[in-house]
Amino acid sequence: MSKGIIVNGAFYPLVLFPRGDQLGGKVLEYEGKKITACISNTDYNNYKDMVFTALPGVDVLSGTGTIRLNWDYDGISATQNLLVTGQPYSGDEATQGWYGERCEGSFYSYANTSGGYLYRRYIAIAVGLYVDNPNNITDVGIAFFGNSNSNQPESDNSWGYLMYMGSDSTQNINPPADIIVEPSDLVPDAGGEDGGIRDGQNPNFDIIIPTLPNIDISSTGNTLYTGTSILLREFNNWLWSDEFIDGLKKLYNDPSQAVLGFSVVDAPIASIGVDNIHVGNLDTHISANRCSPWQEINCGEVKLYELYASYVDYSPFLTAELYLPKIGLVQIDPDIIMNNTLKIVYHYELLTGSGVCFLQITNKRNNVTSIYKYFPCTVTMNIPWSLQDRSQQINAVINAAASTVLSGGSALMGGVVDIATATPSINVNGNLSGASNILGYKKPYLILKRSHVTKPENYKKYVGYKYNTTTMLKNVSGFTVCENPQVSFECPEWVARKIEEKLASGVFI
Amino acid sequence: MQGGHNLYLYRTSARVEELNKHIGVATRVYFNILNNSDEYNIDVIVSCPDAEEFTHDQFNYAEIRGTADAGAWDNITKYYFIRTIKSIGRSRYILGLELDVLMTYRVPILASTQVVLRTENNFSLYYSDNIYKSKAYPLIQCVGGWSGFSDTYSYILNTCTKGGSV
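Order-wise, the sequence lines are chains A and B.
The first sequence lines up with residues 1 to 509 when you count with this note's numbering.
The second sequence lines up with residues 1001 to 1166 when you count with this note's numbering.
Treat the hints loosely; a few may be bogus.
Unchecked claim - For the chain A half of the interface with chain B, some residues (derived, Cβ under 10 Å), not all of them:
id : residue
1  : Ser-310
2  : Leu-342
3  : Lys-443
Honestly, the hints are just simulated from the structure, not real lab data.
Glycine residues also receive a C-beta, built at the ideal position from the N, C-alpha and C atoms.
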């Protein structure tokens, strides 16, 4: 039974830092996830010891045993549970060109010498410690990668040393599954001059979700009110009231024309003012919140993490379906969303209930944000409404009034008789529509179908993983396979052939 | 017989394909190359000092020291696998040696530039590869965390009014 961590898909056996037992109870918040076993601001000496142990020579480099430690922004940070508090940031570090945003969880050390600052790059990655398989996490903590070279150039990604700080695996921690591996491509291909490598800047013009339109529709006479079902009940009662009848003479041919619709939406609607509901020229004396027709539902953003931190986190080993409320399940390109942040926002208007759903993706590796998909949708559900159609009565009243004016009071009696014999009917306007908009699940979610993959233990050690880089062999280590190796140094011909055969089939460096 | 060149014998468990083999502590013996022996994969007669006890199957690796780790064949230190051992009596043996080209030329090999296809410690797992085997059943995951619509229902009334008020 071996204990280890997976970083960038590679298995590393762990040696727990001996001071790990002093770290219990501390919490590191990393990208919204709380990870235990982080040291606090009172454990600086412990931390320093660990850095010295993980990165042999740092203390020698400093000369005084003093190192400066600074975070990259956007890295691991939690004001209440600092991973490290070293000496105050002096500002000199900024001149080194290293300080600032670079990648998540990276930071650098600065060692003060008489000649100025030296630096040594290293990376801290929040990792999970598992036993036997990645699903069996027994601990989480911080893994350190360092480079043995001081003044290491930025292009040098030959990380070597590894140290792990955990909690001695005694706390029965159950972190979220998606922090088994913190994806990090530590060894990007530097490429070469032979083509296949991009030249210049990667276009990264951000296309972000627009703001709601600022369109004033008040001149059309449309007025939107919002409230609870009580509001609708009050309004419906008013429609059936004598007050409504009394006011009809101020209405047009069909009073229902002034009520443009009822609908319901499963979201709070912000008020932009309080006013009495008006229908045409009539004041219903029912107070209600007025609202804008333009509404937004910001569902927030979720970062999608790789599981294996390798090519099998992408197609064709992964398919993705995104459920969007009001829309349903839609196919999503897993290569686009993996390892990136998905933001979902709905914009809709209340006059017709139509809207659009934006899926915005922030690509971590390419540092670009864009709207990836638009989905048209209908957000509201229309509700049928009714009123008592007493148009015959109304017409009789109007006719009677006219007769009274024209022929005196005798006509009034006839009008009353007409009213008494008129039969009211019920009008129902509209149909219940868009009920599925209300009945469906109300929050987005993503279904991932992955290949359930395995590989034998020590595969890396005996077979190796792809590197695909032209380099001097002294820059690599462990089992190494070369493609079409060339021997160009002085040696007998048969020796050259034999060396080429061995490099092609794999050697241990 | 005590004469000829020095041959250093080792017992090592290093892997055959390892460039920098850890070969342990040397035992020095004397050797002469057999007549008509291949220059690169040589057969040598070794003899031990009479006072030393020599067990012929004790070693599996040999070194003939030169003056340099790289350069001309005549000058470099050469390393050999011991392939065969034949006792010919009186503390004398014939060893069949095969040149370890990796160890012998490790310095220029490490200094050579190659297209490295696979490595153990420098790699990117984001290249398509065949290191995994898929099981028949998939791994289904459901990712949530977004907010969205709610069970708070807002009723909307749309009326036509004189002049409107929106």
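Going through the hints against the structure:
Taken as an interface hint, A/Ser-310 checks out: its beta carbon lies about 3 Å from the nearest beta carbon of chain B, inside 10 Å. Because the smallest distance between the Cβ of A/Leu-342 and any Cβ of chain B comes to about 8 Å, under 10 Å, the interface hint for this residue holds. Interface restraint check for A/Lys-443: the shortest CB-CB distance to chain B comes to about 4 Å, inside 10 Å, so the restraint holds.
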